[in-house]
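The task is simple: from the sequences and hints, build the whole structure.
Numbering (our numbering), first residue to last: 47 to 133.
One thing to keep in mind: the hints can contain errors.
[Said to hold, decoys possible] Okay, derived cross-link-like pairs now, DSBU-like style, lysine-lysine, Cα gap no bigger than 30 Å in a straight line:
| # | residue 1 | residue 2 |
| --- | --- | --- |
| 1 | Lys65 | Lys54 |
| 2 | Lys124 | Lys112 |
| 3 | Lys52 | Lys65 |
| 4 | Lys112 | Lys65 |
None of these hints come from the bench; they were simulated from the model.
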Amino acid sequence: MSFTEKLKAVVDLYDQILKQPHRAEIARELRDEEDLFMLLCVSEMLGIPNPAYYYTLELYPLLLDKFHDWHVRMGMDKSPLEGIRCC
47 MSFTEKLKAV VDLYDQILKQ PHRAEIAREL RDEEDLFMLL CVSEMLGIPN PAYYYTLELY
107 PLLLDKFHDW HVRMGMDKSP LEGIRCC
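Written out as structure tokens, the structure reads:
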């Protein structure tokens, strides 16, 4: 191993040590951001006006996989949308 590889390994170890206590918090914040993004994408179908509705239509096929997990996390037992049956 050269000096630069050893230095990179030490920096990576130091970075992991600093991030370790905050991993759960970072994961929770990421999940909250994803939930808000999902709400923004399906808000027009839920009756909330969304000026960017036209631009989010392209994302629906990508979000269908995560839709069930999202609506269960939001406290909805069944899908709130009539057109999307996931349960």
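These are the hints, each one checked on the structure:
1. Lys65 <-> Lys54: This hinted pair holds, its Cα atoms lying about 16 Å apart.
2. Lys124 <-> Lys112: Holds, at roughly 14 Å.
3. Lys52 <-> Lys65: Status holds; Cα separation ~20 Å.
4. Lys112 <-> Lys65: holds (27 Å)
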